[in-house]
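Going down the list, the sequences are from chains E and Z.
So in the numbering used here, the last spot in the first sequence is 441, and the numbers never skip.
So in the numbering used here, the last spot in the second sequence is 567, and the numbers never skip.
These are computed hints drawn from the structure, not numbers from a lab.
Ideal Cβ placement from N, Cα and C applies to all residues, glycine included.
There could be a bad hint or two in this list.
List of simulated lysine-lysine pairs, DSBU-like, C-alpha gap at most 30 angstroms [what the hints assert, rightly or not]:
#1 Lys418(E) with Lys147(Z)
#2 Lys53(E) with Lys158(Z)
#3 Lys509(Z) with Lys51(E)
#4 Lys53(E) with Lys396(Z)
#5 Lys15(E) with Lys33(E)
#6 Lys151(Z) with Lys51(E)
Computed far set for chain E versus chain Z, every beta-carbon distance over 10 angstroms [stated by the list, open to error]:
#7 Glu4
#8 Leu123
#9 Asn125
#10 Phe255
#11 Lys416
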Amino acid sequence: MIEEKESEILQALYKDLSKPKLEAFISEVHAVKSASNLALKELKSWMKPEKVKTNMSTYPSSAEILPEPLGVVLVISAWNYPFLLSLDPVVGAIAAGNAVVLKPSEISPATSSTIARLLAEYLDNSTIRVIEGAVPETTALLEQKWDKIFFTGGGRVGRIVMSAAARHLTPVTLELGGKNPVVVDSNVDVEVAARRIVAGKWAANCGQICIGADYIITTKKFAPKLIDVLRNKIEEFFGKDPTESSDQSRIVNSFHFRRLANLLDEVSDKIVVGGQRDESRLKIAPTILLDVPENAQIMQEEIFGPLLPIITVENLEECFGIIEAKPKPLSAYLFTNDQRLKKKFVQNVSAGGIAINDTILQVAQPNLPFGGVGESGMGCYHGKFSFDAFTHRKPVLYRIFARDSSVRYPPYTPKKEKIMRALLSGNLLRIILTLLGWSRD
Amino acid sequence: MAMAVTVAHSTLFSKTSSLFPQPNGYKCLPFSSSSSSSSMASSLPMKKTWTRHVVSALELDGLKTAINVSVKEEKAAFDSKAANSLVKQLRANFAAGKTRSYDWRMGQLRGILKILDNHESEIVAALRSDLSKPVHEAFINEIINLKKSCKLAIKKLKEWMTPEKVPISLALKGSAEIVPEPLGVVLIISTWNFPLLLSLDPVVGAVAAGNSVVLKPSELAPVTSSLLAKLVSQYLDRSCVRVVEGAVPETTALLEQKWDKIFYTGSGRIGRTVMAAAAKHLTPVVLELGGKCPVVVDPDADIKVTARRIAIGKWGCNNGQACIAPDYIITTKDFAPKLVDTFREVLQQIFGRSPLNSKDLSRIVNSNHFDRLTKLMDEDKVSGKIVHGGERDKTKLKIAPTIFLDVPHDSLIMNEEIFGPLLPIITVDKVEDSFDLINSSGRKPLAAYLFTSNEELKKQFVASVSSGGQLVNDTVLHVAVQELPFGGVGESGMGSYHGKFSFDAFSHKKPVLSRSTDDDLDFRYPPYTDAQWKLLKALVGGDRLEILGAFASMDLSTIKRVFRPSR
């Protein structure tokens, strides 16, 4: 499907988000292809039961853990990576042997209908379906009993999904978001760091990405240098007027445009780079702000756009207090060459995932689980974790009829108790000695 | 000693209706929040004789503690405000890093072991008091299992805490690992049938994973609940591990708070309430619920061993009041009578001629459940189907092992989890028909059992019946295998624990990707050119000729950008 319809998919993504072809290809089309290829390659091994060693207490026995599908699952996708976030979970659901209903986001309608059309054409309609729609359709779906619900989106709707799931005891994976901090130390190669920050923010759906850099923390001393280099990189990547660059996505719709404009207007005096906007084309230039107040709205909600506040501190160690005061984010980033700081960061900052000296790339690694913690979500996927997310790992213990010891059954005598204690202690010597003192009944 | 206990009783009447401990031989008091002291007083007979291991100084101690605890509780009701302040306190202590170290975690695990080593007889007495649990069962099912769980955690903790190195794509020139970290402040809500095990086993996982814990034991096992409160505060770190006793109001207050995880063992009805409360704070949950655990018996099974193993898993396990107890049997029409006969034999061997008087039979926990079970037994379409047992004694809250043959599918007993000593046998023509029957309920049970020597049938069973866990040719034992995850699916629950799964249940597995800022070939950056597009496509496609071609057609400026020298 992807190989044959690549240009249709890319076109839909461009229509919904003005997503540049290269970005759309790498981050969405290719990513889904990768996930599918991996599943195709590994499926046999994923489906195999896992043999488990048993111990003395159930001797003789053998055991295994058998993966089985959950049944009929619901995948609710989001608008910012509409192709990826629809099909990536579906790959996992299908690999695990489930029937699937996919509800793509109505806020990316071109991709939603393209997916609906293509899946009906290429996949088994009797077990895989796409339901398009908005709140009413989603509500109707959420009233049903599912064997699993996989939701990507915001925390507010995440709560609604989990409450709906609670009525049927349906397990959920919630991939949500948060304010992902980027802590920048002065001892790094600032050119490289800046490139990676810019790429992970503005070359990633114009900052409308759940794992994108939300705000930076750096020292007062280093901030000016960092801002300069960031400014240069932005110009290098997007030209003098970034709103004219075709290498950047646009803001998805006017609701979000106005939301971002409001965030910006509250702190407009703190803009140090960018700030240009064009409502008719839904474009906001990469914008950096310096030292916005903590209680400004831009520091209170997930930005999900091309605005990047920089918070400065005297000593970089103060970053921990700032980060820990906020809900746990989906990712946290640190640029440093200081091994001690790196260790402290990994130890103390709780986030869905962490990357050191880069941004966003951690989610492209199939061996790393991708998911949130606390407010940023629960459960994870990617690689084998996708298969597991839609699987019940069923333990099976096998016993035989022979050697059924009477010790196990009442009436319980002190002698039996002695034997049992010895057997369960696992201490071989004790077992032997006790058994020698025991006459078989 | 009997006098002292009598005095204690009468003083207690005036104090509290809900946290009243009862030594063995006394009738268990009706347990609901609306029960009044007067109904208690009238229903309390005085037993003249005491069995040796029931009344001891230790038990009296337990009574005294319970008195103290219940008096304290009268003074300060545990409401939403109290719950909030408790969580705040624990969160502050967690944030200060108290629970993170290996040493702290080991200290808590050793503390739990010490509780089991130093207070075994008190624990056994408490279980005897709450459930008339036979000493042997208390020992094997609760104490031993818990000890094993603790010892495994102690042995493996270092390994569990070690980050797992993970291979990543070579092109990145970096490294990655998955780091387990504690979730924070967790709530464990336990239940009454294995009140020690189901309280402390999750705690083992929670502290091993480095969390702060609040444990809410079940009020339906009040002596164990207050013993736990006493011992936990004595042996574990009070600043990070706490027990909150109480019933619905206290649990409600706790559920209003924001936790980093809630671990609940109990019924599906309350499970829904717990998950709905958790949803408000996006708190992940583990729900260990129940279901109707079927036992399929193939005529080719060894009938004696089969009957013994079913009997022990049913009536030797808190008299059927266990979430994984065999709930009902499915076998062929021809085999059923033989199976019933064998059960009769086995039951007599195990419990003697008069099971209600056997000290190896647990009692029903309280009169609510007693009434619930007798209602199931007495339903018109069912009462005539009893083929063995049926005896009951309301004063002692005892029901004998009772077997039914061919109850109708729409009877009450076939439509709710029995959780008691009643065992219906459903018959089918062919044993293979049983799988569809099990799946037709639409509710996946916590466990499913099969007795057979037929390898094909085993394979079919495992492939077509979905349940939390499965056992072939035995019952109940699989929960003792620490390497197997223990949990439900669908109606029987979500999440799992035991062994390393307990550690994982209370951990966040955090991926960490590390790179350096020594640059390499980063051509993922804008401005995007056609040459770049060609190159990228070729690279991901992996076709060497295409890659070469793409490089060859690159212009100078692109080459300059792509092959940027690092500083």
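Could you work out which earlier hints the structure fails to respect and list their numbers in ascending sequence?
-> 4 and 11
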